[in-house]
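Novice: Spelled out from the first residue to the last, the chains are:
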Amino acid sequence: MTFTQIIFLVTAAVILGSALMVVSTRNLVHAALWLIVTLFGVAVLYAILNASFLAVVQVVVYIGAIAILFIFAIMLTRREMRDRGPQLNRGWWLNIIIAGLTFGGLFWMLQGWSGFSKAAADFPSGYDAVGQLGKALVSPTGFVLPFEVASVLLLAALVGAVYVAFARK
Amino acid sequence: MNFWTNPVNFVAQWLLGLLTGWGMPGWLASLLIQFIGVVVLVSMMMLIDIFLVWIERKVVARFQDRLGPNRVGPFGMIQPFADIIKLLIKEDITPDGADKLIYNLAPVLSLMSVLLLWAIVPLAPVIFGVDLNVGVLYIIAAGAIGTLSIILAAWASNNKFALVGAFRQVAVLVSFEVPMLATMLIPTVLAGSMGMNEIVQSQNVWYIVLAPLAGLIFMVAAIAELGRAPFDLNEAESEIVAGYHIEYTGMKFGLFYAGELLHAFTFGGFWAVLFLGGYRFFGLENLGPIVAAVILMAKALFGYWLIMWVRYTVMRIRIDHMLAFNWKFLTPLAFVLLMLTALMNALLRGTSSGVYILGMLLTNVILGWVIIEILRGLSRRERERIEGVATVKNFPSPHPLSQGERGKG
Amino acid sequence: MQNDWLYIGLFLVVGALVPAMALMTSWIVAPKKPNPIKQSTYECGMETVGENWVQFKAQYYIFALVFLVFDVETVFLFPWAVSLGQLSLFAVVEGIVFILILIAGLIYAWRKGMLEWV
Amino acid sequence: MIPLSWYLILSAALFSIGLFGVLSRRNAVAILLGIELMLNAVNINLVSFWRYGDVSMMAGQVFAIIVFAVAASEVAVGLALVISVYRSRNTVIADEIDLMKW
Chain A
1315 MTFTQIIFLV TAAVILGSAL MVVSTRNLVH AALWLIVTLF GVAVLYAILN ASFLAVVQVV
1375 VYIGAIAILF IFAIMLTRRE MRDRGPQLNR GWWLNIIIAG LTFGGLFWML QGWSGFSKAA
1435 ADFPSGYDAV GQLGKALVSP TGFVLPFEVA SVLLLAALVG AVYVAFARK
Chain B
3 MNFWTNPVNF VAQWLLGLLT GWGMPGWLAS LLIQFIGVVV LVSMMMLIDI FLVWIERKVV
63 ARFQDRLGPN RVGPFGMIQP FADIIKLLIK EDITPDGADK LIYNLAPVLS LMSVLLLWAI
123 VPLAPVIFGV DLNVGVLYII AAGAIGTLSI ILAAWASNNK FALVGAFRQV AVLVSFEVPM
183 LATMLIPTVL AGSMGMNEIV QSQNVWYIVL APLAGLIFMV AAIAELGRAP FDLNEAESEI
243 VAGYHIEYTG MKFGLFYAGE LLHAFTFGGF WAVLFLGGYR FFGLENLGPI VAAVILMAKA
303 LFGYWLIMWV RYTVMRIRID HMLAFNWKFL TPLAFVLLML TALMNALLRG TSSGVYILGM
363 LLTNVILGWV IIEILRGLSR RERERIEGVA TVKNFPSPHP LSQGERGKG
Chain C
132 MQNDWLYIGL FLVVGALVPA MALMTSWIVA PKKPNPIKQS TYECGMETVG ENWVQFKAQY
192 YIFALVFLVF DVETVFLFPW AVSLGQLSLF AVVEGIVFIL ILIAGLIYAW RKGMLEWV
Chain D
6 MIPLSWYLIL SAALFSIGLF GVLSRRNAVA ILLGIELMLN AVNINLVSFW RYGDVSMMAG
66 QVFAIIVFAV AASEVAVGLA LVISVYRSRN TVIADEIDLM KW
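Chains as they are written, first to last, in this note's numbering: chain A, 1315 to 1483; chain B, 3 to 411; chain C, 132 to 249; chain D, 6 to 107.
Chain A extracted, bound-state conformation:
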């Protein structure tokens, strides 16, 4: 077992453990904090996968913005923070079975696939992932349409959220 593999296994354990805490903690603020641990673990995974840009972006966007937004929203809807009553639906044990079946089904489908235990190839020398990404994003043969559509999507989200949250004004 190599050093990278050990790091991967530790990270994976942290991710799964904190994800379980996210869905099971009674205190919502704690759930949001466990989500941050999960997201940080995913950022470490990106670093192991050599996707530096995505690792940093994961921290910037998820921990720096989305998690903050969640905490703000939890504190704005304060009534439910002191958690009276059950936090889970009545049929939660049924949902465990559904989730287990989903995992089993995914695993069963994947393990029959030929590329399942593929190893990663080395990077070509002088490979610059960020530069490649930038070129792919704006080249007409690449992803220029998703690039502009993402901008429209964000605009729609901004306008929609502002309108929904403050319709009374």
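Don't take each hint at face value.
[Said to hold, decoys possible] If the Cβ cut is set under 10 angstroms, some of the chain C residues that face chain D in the computed set are:
| # | residue |
| --- | --- |
| 1 | V203 |
| 2 | E204 |
| 3 | V206 |
Hints are computed from structural coordinates only; laboratory data are not their basis. Note that this is a predicted model, so its numbers are computed, not measured. In this text, a Cβ means the ideal position worked out from N, Cα and C, and glycines have one as well.
Position chains B, C and D relative to chain A; hints supplied.
Specialist: Structure of chains B, C and D alone, referenced to chain A:
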């Protein structure tokens, strides 16, 4: 290779030879050496941090026409050590109802987020932690952890004032991150890279000359990001007593305080790296890496001094003015500047360097002039609304710029 | 490239250990004499009224929201900025269109009076 | 080196946990937390396919960034809806938001 041209590598090679000579496996030895490097860098930063306390107190004393610490040691230089001992032996009070783990974690995260920044600062062409190819975004990522620590501290200490303070502080922090991101894009566009070392290497002309407005906006956003005056919401004694760290005492408070000081110095350093040519100073850096590191530190101190100068000169701004200033002025301006810079950079790319520099500089100057004119018009209209048309016409404002600030902000 | 991140990981560990060590030292050295008054929530001498959770106005959410949108936007712009030197003028125009669309969102929020601190 | 299967299994497990959270949580904000977990599971898959496929094809990374944008939009609008409902109905329990039933 000798010590003078590449000191870090020289020491590392020597240590590697020593350790493998003792029979240590190679990968473990190199890991250990990296670890030692990190420990040396972090403890150096902590030492500088202690020194910064002294500088800050001396400088503020001079600004306020006092002497500052002058009893303990020569020029009071031992004073910060005495402060540390005092903080260490103070009783730590954990308030009732505090979330113990998070309460203790928050100050650690706060200082850690600042220390993390020094992993990517290029002290010299060959002295740096790592040369990440996403360095610029890494600054923001480390800042995100700092923002998080503020919310954690306030939430865990179970205090209304702390929570209100943290919310206000975070609202300001995230708001000013937008113009900061936009101005960080400008050196990225000019250098064609996010790597810190590459940005420094490509500054044959300092970017403060090519993009003076960007440097200015970055500095303003950095001061807000640091929570220092005139944006020092977290210390607004009259409104929220001390903000998010109200319930912290002793060393825990000390960690927040140390983090804030080191953060200011660090942003002075990043300002130097992004806009003032980093470790370069008219060829002087070629003398050797140690000279280069000294140059960078001097520039960082200069940036830190600027931040202090602003802090002790300008009064606190109200929070609504602060946010309006950011969203209605800095953010649009930063994005317009970004668009213009990208466009001019593409148009002037083939021309000679003289034309290129002049074009960039003129773009900034013209944009700045247009903005000031717009502000003037707005402030004039505002004054006409308040004081009546006749008064304004008869008595033109003696300070058009300060009036412009008032009308806009 | 992976070694870079290993170094950052080491930095993370040491950067957390150093402040933690300071806290440990103070925990060992400092006196511990708690009493109920000392440990009560500090409100300038007032008794705390009600719960310590106060509900906040939604204004804070709006600023976080606008920030989130612009944050994600710059994530798209950073790769664009890095590779700008190797791209044609057309790519620059694409980026400018991208920014302008989002500025429209900012202007909408502005016109709606959402950026006021009420 | 780590085989691709490890990443896929991890992401499948994370997705299932997120699914469980979405199905069984009563609080609307907690449901959104579960959705974040699922989106992250998707992103792990996309990035690992980029790494284990042809690295000069950037589709994996570009899609991951688009997922970031989608996640951000979803959170922004979703939480705005929750806040809006809370202000008018004073609850964030998904079961109790049943105005549309009648």
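Novice: Decide, hint by hint, whether the structure agrees.
Specialist: Evaluated hints:
1. Hint status for C/V203 relative to chain D: holds, with the closest Cβ pair at about 5 angstroms, below 10 angstroms.
2. Restraint check, C/E204 versus chain D: the minimum CB separation of about 9 angstroms is within 10 angstroms; hint holds.
3. Proximity of C/V206 to chain D holds as hinted, the smallest CB-CB distance being about 6 angstroms (cut-off 10 angstroms).
In this structure, none of the earlier numbered hints is contradicted; all agree with it.
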